[in-house]
Amino acid sequence: MKITVGLVFAALVSLGQAQNDGSAPARCTSLRTRRNAATLSVQDWQNIANVVSRMSNDGWISRFGASHDRLFSRVHGNTCFFPFHRRYLVEYENIGRTYDPNFVLPYWDATQSARNPAADPLLNSNALGTNGQGAN
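Per mature numbering (1 follows the signal peptide of the UniProt record, and there is no 0), the sequence shown runs over residues -18 to -1, 1 to 118.
Derived from the structure by calculation, the hints contain no laboratory data.
Warning: the hint list may mix true and false statements.
As the list claims (entries may be wrong) - Derived CB-CB ranges, DEER-like:
hint : residue 1 : residue 2 : range
1    : Pro99     : Arg68     : 23 to 29 angstroms
2    : Arg9      : Arg68     : 15 to 21 angstroms
3    : Gln28     : Phe63     : 28 to 34 angstroms
None of the values given here were measured: they were computed from a predicted structure.
No residue lacks a Cβ here, since even glycine has one placed at the ideal position from N, Cα and C.
Please take these sequences and the hints and turn them into a complete structure.
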């Protein structure tokens, strides 16, 4: 099992690595800064929704979901969880950047609304959606 997880992780990492002839270490060409999702403007959310919608229309969301499903039991509940998901999100973001070069996934600090999740400012129609009750 551990060997399988290691092989899966190594394969996933190798998918995104650039070729390097060994003459110099690869350098980052741009930094991506994850912003707190609670600080995003309505326009920021519209930009994210546009990219995700286009990714969905082209089948990327289904592909990512299917690959996560296939690997679920191998990468959850063990030490691969965080590195796998970090790489998974980078690959997701890389696909998103083919639609919009400024696409960066925000992070959600759930501790900000832990006492009253229903009041989280992200749970509105301008961001992630509402609570699904009534007209919401």
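Quick rundown of the hints versus the structure:
Pro99 and Arg68 have their C-beta atoms about 25 angstroms apart, which keeps the hinted 23 to 29 angstroms range intact. At roughly 20 angstroms, the beta-carbon separation of Arg9 and Arg68 lies within the given 15 to 21 angstroms, and the hint holds. Range check, Gln28 to Phe63: about 32 angstroms between beta-carbon atoms, so the 28 to 34 angstroms window is met.
In summary, the structure agrees with every hint in the numbered list given earlier.
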